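In order, the protein sequences belong to chains E and Z. The opening position of the first sequence corresponds to residue 201 in the numbering used here, with each subsequent residue numbered one higher. The opening position of the second sequence corresponds to residue 132 in the numbering used here, with each subsequent residue numbered one higher.
Be aware that one or more of the hints could be misleading.
[Claimed, not checked] With a cut-off of at most 30 Å between alpha-carbon atoms, the simulated DSSO-like pairs for lysine-lysine come out as follows: (1) Z:163 <-> Z:149; (2) Z:212 <-> E:287; (3) E:281 <-> Z:163.
[Said to hold, decoys possible] A few chain E residues that face chain Z, going by a derived Cβ cut-off under 10 Å, partial list only: (4) 217; (5) 225; (6) 309; (7) 311; (8) 380; (9) 383.
I should point out that these hints are in silico values taken from the structure, not numbers from a laboratory. From a predicted model like this one, the values you see are computed outputs, not experimental measurements. Beta carbons are placed, not taken as given, at the ideal position from N, Cα and C, and that holds for glycine.
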Amino acid sequence: MPDKPEPKVPVTPPEQWVDQYGDYLYGFAMSRLRNPDAANDCVQDTFLAGIKALERFDGSRDIKFWLRGIMRNKIVDQIRKSIKENKVDIEAEDEALLESFWFKYSGIATTNPDPWQFNPRKSYDNGEFWVVFEKCIAQGKDPAREAFVLRVLEDQTTEEVCKAMDITPNYLWVLLHRAREQLKILLESSWTGKDVK
Amino acid sequence: MFTCKQVSNALSKEDYEKMPPVRRFFLRLHVKLCVFCGKYNRQVMDSQDMCRCYKKHEITNEETFVHYRPQMEPLKKDQLKELIASQSK
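Could you build the full structure based on these sequences and the hints that come with them?
Written out as structure tokens, the structure reads:
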């Protein structure tokens with residue numbers, strides 16, 4: 201068997217992971233889960249999975265990013281667990297939207313959505329905007345927020361999210377619509393005014 | 132050319148930036164010209180842009196979030212250190 205190539209970056213021993221990456225990974229998990237217990241479990245599961253898989257770490261990138269890659273799967277597992285405990289029910293308003301003419305005909309919720317009160321693109325280079333953005337995502341209501349995190353932030357496929365949430369693709373689209381709506385409203389109330397130049 | 136339903140379906144399944152160039156071109160063209168779904172799907176595409184930028188910013192400018200994101204409690208850290216020490220022996 202060929203020898204394992206030397207890692208390109210130094211490998212931090214697992215005993216130092218908590219001090220070096222604990223806060224970073226916990227903060228990352230909280231940004232997706234907003235539940236301290238779930239975030240702690242996630243960090244723990246990540247480190248334990250990391251120890252088991254350490255032999256396969258090729259050292260091509262910082263171990264922090266490698267651990268974060270493992271953590272993404274753990275975050276998805278935690279959200280799945282939370283959804284299993286709180287089954288997703290379709291709200292009457294969402295049911296009406298699913299049955300509406302426009303949704304059936306064109307897959308859209310409305311032909312005339314409210315325009316943005318500010319141009320978010322102008323704020324993309326401002327770090328503070330992304331902090332506000334993250335806070336707004338965390339304030340969203342479940343299950344729309346969970347669907348948004350899984351589908352958009354964690355890049356799960358439509359099929360994977362539908363299976364995890366036990367919903368139809370059409371209802372997922374409605375949930376994502378709700379999440380975008382919430383995010384827009386929250387961003388407009390939190391950010392408008394800060395960016396006026 | 133896409134129909135409104137096809138545009139919505141495509142946007143619900145994938146980020147438009149990840150679509151093949153020709154498909155992306157026709158999708159953008161539809162969204163630009165369509166009086167029915169144009170405004171709505173334009174906002175969906177803007178939302179996809181925003182989330183893509185956030186994820187990029189999260190990786191390249193992680194110091195932005197350091198002071199804002201919560202940190203692990205010291206007690207939890209100690210417990211985890213003990214667990215890791217026992218696992219990595």
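Verification of the supplied hints:
1. Z:163 <-> Z:149: Since the Cα atoms of residue 163 of chain Z and residue 149 of chain Z sit roughly 19 Å apart, the hinted pair holds (cutoff 30 Å).
2. Z:212 <-> E:287: Roughly 35 Å between the alpha carbons, so the hint for residue 212 of chain Z and residue 287 of chain E is violated.
3. E:281 <-> Z:163: 41 Å, violated
4. 217: 7 Å, holds
5. 225: 8 Å, holds
6. 309: Holds, about 7 Å.
7. 311: Hint holds; residue 311 of chain E Cβ to chain Z Cβ min 5 Å, cut 10 Å.
8. 380: This hint holds: residue 380 of chain E lies near chain Z, its Cβ roughly 5 Å from the closest one there, short of 10 Å.
9. 383: 7 Å, holds
In summary, the structure is inconsistent with hints 2, 3 from the numbered list given earlier, while agreeing with the others.
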